[in-house]
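Chains as they are written, first to last, in full-length UniProt numbering: chain X, 1 to 349; chain H, 1 to 752.
What the hints contain is simulated information worked out from the structure, not anything from laboratory work.
Where hints are given, some of them may not hold.
[Claimed, not checked] Part of the chain X face toward chain H, derived, beta carbon under 10 Å:
1. Ala106
2. Leu109
3. Ala110
4. Leu111
5. Pro311
6. Met335
[Stated by the list, open to error] With a straight-line Cα cutoff of 20 Å, these simulated PhoX-like cross-link-like pairs (lysine-lysine) come out:
7. X:Lys295 <-> X:Lys270
8. H:Lys717 <-> H:Lys698
9. X:Lys264 <-> X:Lys87
10. H:Lys603 <-> X:Lys305
11. X:Lys290 <-> H:Lys603
12. X:Lys305 <-> X:Lys264
All C-beta atoms, glycine included, are put in the ideal place defined by N, C-alpha and C.
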Amino acid sequence: MYVGFGGALDVAAVLDFVDSGHDLIVAADTTASDLIKSVATECGVDFDEEPSAMVIDHQNYAVSDVDGDHTLIAADELINSDVILGKTKIEAPVLFKGIAHSLNAANTLALKVLSASPSAYSAHPTAKLSSPPSLTGSAISLVSVVQARNNARIMISGSLDLFSNRYMKSSVQKAGSPSKYEKSGNEQFVTELSKWLFHERGHLKAGNLRHVKVGETNEPAMYRIKDDLEFYVDIYEWSGNSWEPYVADDVQVQFYMMSPYVLKTLSTDKKGLYHTSFKVPDVYGVFQFKVEYQKLGYTSLSLSKQIPVRPFRHNEYERFITTAFPYYGASFTTMAGFFIFSVVYLYNK
Amino acid sequence: MASPESAVNGPTMTAGAASKSLRNAFGGVIAFIILVLIGVLAFSIRLFSVIKYESVIHEFDPYFNYRVTQFLSKNGIYDFWNWFDDRTWYPLGRVIGGTVYPGLTLTAGTIWKVVNSLNIPLSVETVCVFTAPIFSAFASWAAYLLTKEVKGPGAGLTAAALLAMVPSYISRSVAGSYDNEAVAIFALVFTFYLYIKTLNTGSLFYATLNALAYFYMVCSWGGYTFIINLIPMHVLLCIVTGRYSSRLYIAYAPLVVLGTLLASLVPVVGFNAVLTSEHFASFLVFIIIHVVALAYYIKGILSPKMFKVAVTLVVSAGLAVCCAVIAILIAVVASSPTKGWSGRSLTLLDPTYASKYIPIIASVSEHQPPTWPSYFMDINVLAFLVPAGIIACFMPLTDSSSFVILYIVTSVYFSGVMVRLMLVLAPAACILSGIALSEAFNVLTRSIKNRKKEKENVEKKPTPSKTEKRLLVLPLEASVIAVLLLVLLGAFYVVFSVQVHCVWAAAEAYSAPSIVLTSHSNDGGLHVFDDFREAYSWLSHNTDVDDKVASWWDYGYQTTAMANRTVLVDNNTWNNTHIATVGTAMSSPEKQAWEIFHSLDVKYVLVVFGGVVGYPSDDINKFLWMVRIGGGVFPHIKEPDYLRDGQYRIDAQATPTMLNCLMYKLSYFRSDFIPIHKTDGKGFDRVRRTEIGKKHFKLTHFEEVFTTHHWMVRIYKLKPQRNRIRGKTKKSKSSRSVSSKRDVRGKRNPWH
Chain X
1 MYVGFGGALD VAAVLDFVDS GHDLIVAADT TASDLIKSVA TECGVDFDEE PSAMVIDHQN
61 YAVSDVDGDH TLIAADELIN SDVILGKTKI EAPVLFKGIA HSLNAANTLA LKVLSASPSA
121 YSAHPTAKLS SPPSLTGSAI SLVSVVQARN NARIMISGSL DLFSNRYMKS SVQKAGSPSK
181 YEKSGNEQFV TELSKWLFHE RGHLKAGNLR HVKVGETNEP AMYRIKDDLE FYVDIYEWSG
241 NSWEPYVADD VQVQFYMMSP YVLKTLSTDK KGLYHTSFKV PDVYGVFQFK VEYQKLGYTS
301 LSLSKQIPVR PFRHNEYERF ITTAFPYYGA SFTTMAGFFI FSVVYLYNK
Chain H
1 MASPESAVNG PTMTAGAASK SLRNAFGGVI AFIILVLIGV LAFSIRLFSV IKYESVIHEF
61 DPYFNYRVTQ FLSKNGIYDF WNWFDDRTWY PLGRVIGGTV YPGLTLTAGT IWKVVNSLNI
121 PLSVETVCVF TAPIFSAFAS WAAYLLTKEV KGPGAGLTAA ALLAMVPSYI SRSVAGSYDN
181 EAVAIFALVF TFYLYIKTLN TGSLFYATLN ALAYFYMVCS WGGYTFIINL IPMHVLLCIV
241 TGRYSSRLYI AYAPLVVLGT LLASLVPVVG FNAVLTSEHF ASFLVFIIIH VVALAYYIKG
301 ILSPKMFKVA VTLVVSAGLA VCCAVIAILI AVVASSPTKG WSGRSLTLLD PTYASKYIPI
361 IASVSEHQPP TWPSYFMDIN VLAFLVPAGI IACFMPLTDS SSFVILYIVT SVYFSGVMVR
421 LMLVLAPAAC ILSGIALSEA FNVLTRSIKN RKKEKENVEK KPTPSKTEKR LLVLPLEASV
481 IAVLLLVLLG AFYVVFSVQV HCVWAAAEAY SAPSIVLTSH SNDGGLHVFD DFREAYSWLS
541 HNTDVDDKVA SWWDYGYQTT AMANRTVLVD NNTWNNTHIA TVGTAMSSPE KQAWEIFHSL
601 DVKYVLVVFG GVVGYPSDDI NKFLWMVRIG GGVFPHIKEP DYLRDGQYRI DAQATPTMLN
661 CLMYKLSYFR SDFIPIHKTD GKGFDRVRRT EIGKKHFKLT HFEEVFTTHH WMVRIYKLKP
721 QRNRIRGKTK KSKSSRSVSS KRDVRGKRNP WH
């Protein structure tokens, strides 16, 4: 029983939008409708089910003129990732006032970008607590991102005020902390995060996966066991306006048949070309070159190319083996001996 | 050995040599014409499948052989030899060149090449379809030769005629049944013929030919082990019964040496020719025959007294050595887990072996023991003639007739173990029945002839020759009546019953290609089910070239040959673990099955479902074997989980494991509103004759992409991995229940 957002827009339409590879920002606060929450749930983020609960932190609240209910939080537990939050460190705490959400531990696609401190909990700010709050401590996420399998990116924030001009421009001082910042970290946080969200950072492109036998130029349709081969792949990163070479030392290639037989780290020429060479294992079958690259903040790369590996042909074995010379000798002397015996037996009376 | 006919003709020889030779030539011409006609009969009786259906390859294995032959004709012998097939057993692949018996393929390939070089443009498929009928004609002629060596041309012709139309052999050699057995039976009979020929003549030329025929047999069929065990048995029998001769030595020793050398040249046999227990009997007898030959030689040069001393010396010393060797041999063989025998051979010795230990062998229907009716179905009246033939072989017992007796006795045993080996029994039964029939005719006609002759002889000479006296002579009246009876019986029983039965068998029972099925509707119309080819052509037109198709192994060969798609497992069941993986996936719930298939890069899953049209050999009926084979390797699959009180059922009483396994779901998905038969949403299964147990369900990890016209083949595609992972919260309903639970917990919480 879904009611739309108005017009033809409903949850399914929003999810279709994501599934067709587009990015999405979901922000909610205590007034959020079930629709917003169900969009978040479909993306793997669960908002607190109590309708009026807010994140409360009696330790890490932002100092303000009136001693309020400690729902304005100065959060500084940011994800440690240059790709998501930019290279410049966000010094000032981020002001947050809103509702808590949690991530499913099994969800490998979602990340906590801004999480609450261990002393936070989610409850109604004015009502008396009758039972322990369901969401407490670091399990509470304030702002999360989800990167779907089609690399669509979704930001989910439990606070609308986080994005407000008032919060961006206000000064901030964390309770119990001597340092006071003229400007909160909100603007930098939101700007950098949205850059990542809209794929201006951390978007990789890999392609042109190719392999040749050492000393040859054309890609073969099949390898033989124990062949030496070279493997190449190009990886680029989108810088916001152009594709730049991606430089990393942790890209690996698998030579895979049910399990990786060869696992090699690729070396790069810093111009986007990654390369390695290895010997085909002594096992025949249908192998795959697999590049599976999943790094925090980057789009995931998953490339594979099928290549069969055949055993030796009948004439690719050694014709004469040194260790078998006694046998060759034995058979030839037997033949000669039999011949001589026949001659002697038949013609010598 | 003198044939009875020549014995009869013996006295007349002196009378007129000219008329005798003329009659012989006349007889030869008639025999030749009869043989040609038998060949034509053997060939044409096997064409019903082409006439009734079309010129297609039948069943499962022939499709693989056809594919290999195509490869051979396209790429030549060396590429065939080194062919690594990456489209089957994904991702393991299969070295075809080293794992097939190449005889059939090379034969058909050669025929194709010869025919094409003669500018007769036949397709490879045509050649493959007609290979089996051609070789069954050859097999009939080989049976003629073999029986002629044993009991003369009369018996030979009868045996050939019988072999041309014995249902058991027809079942494996109708046009389109392009399988190893098609050429192997000819090779088997021909090898036996050459062995008997060598035994009768003592010619080294025939011994060499014998080794070559054996080589052809090794190339063609794994059943060659029957030859390499039967011939040593016969040699041993001859030695034990004191029939050792130099002819026996020449017939046997070159065969073992040359045969083993040649056999090890076939890649699929290789070192097995000297390593596995199947071949040990021949080596043992090889040693024995040499010892015996030596003993006879020494006996010839020593005086009887000296010989006795030598015998006691050698025997006592030899026994000690023998005991030591046997002890070592037993220790070596016992140290290997299967005792050095391959599973199939162990099944022959201990019929319960396979069902106990190797479900994959037991699961094949042709590896099951036959039922009694199948003997009457497959060899019919021959079953009654065989005992008479055995008796005829004892009068007189020769080397060659003892071989035939040994052949029938062993093959009867083997056919009792495996239905498939009924095929080996068929030639033996034909040969013995041929001998029985022709002996009966001989005795009776001779009685008539002799009675006439005696009357003449009384006038001419008072004493008839001694040879004639010793022959069995019946009273004239009795023999005339018997001949008449035999002719009448033959006319009525053999001709009408056997011929009608054989033709019926050829036309109805064994000609169905099993790739195209037919049924007769109530009003007598013919209904054709061409679902298999429909499904395979859908696959080849609608899927990507490198897509992998998972199905039970029965359909592997067909999928690679007809749809040209990569399969996980096929009818060459060389890797039990891989088959068990597929069996496990089929018997797992959807999610686990999806994970297994996904890890093997499978895109499509093909199941065969007969519930709509009542096709009984579908996947649901084979399903318990999947469970057994899967459970043999992956112990979390347990057969009792799929059975309700030991009963296999698919209705509402079935176990939840059964109702939730992938095979059940893929078979019965949407089958509650089948369009063809108005079952009113009841979901009635026409094979199991019950209402299905689970209806109106949805698939979560698979989607139906194609179902054939009669629902016999259903193809499903694996859904891609979900783009997003859902959160925990389901619906407001569940959240409410969660909160109420929390209240309960809150009350109980002592901390509060």
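Cross-check of the supplied hints:
1. Ala106: holds, 7 Å
2. Leu109: holds, 6 Å
3. Ala110: This hint holds: X:Ala110 lies near chain H, its Cβ roughly 7 Å from the closest one there, short of 10 Å.
4. Leu111: Hint violated; X:Leu111 Cβ to chain H Cβ min 12 Å, cut 10 Å.
5. Pro311: holds, 6 Å
6. Met335: violated, 14 Å
7. X:Lys295 <-> X:Lys270: Holds, at roughly 18 Å.
8. H:Lys717 <-> H:Lys698: holds, 14 Å
9. X:Lys264 <-> X:Lys87: violated, 29 Å
10. H:Lys603 <-> X:Lys305: holds, 16 Å
11. X:Lys290 <-> H:Lys603: Cα-Cα ~18 Å, so holds.
12. X:Lys305 <-> X:Lys264: This hinted pair holds, its Cα atoms lying about 16 Å apart.
Figure legend: structure checked against the earlier numbered hints; hints not met, in rising order: 4, 6, 9.
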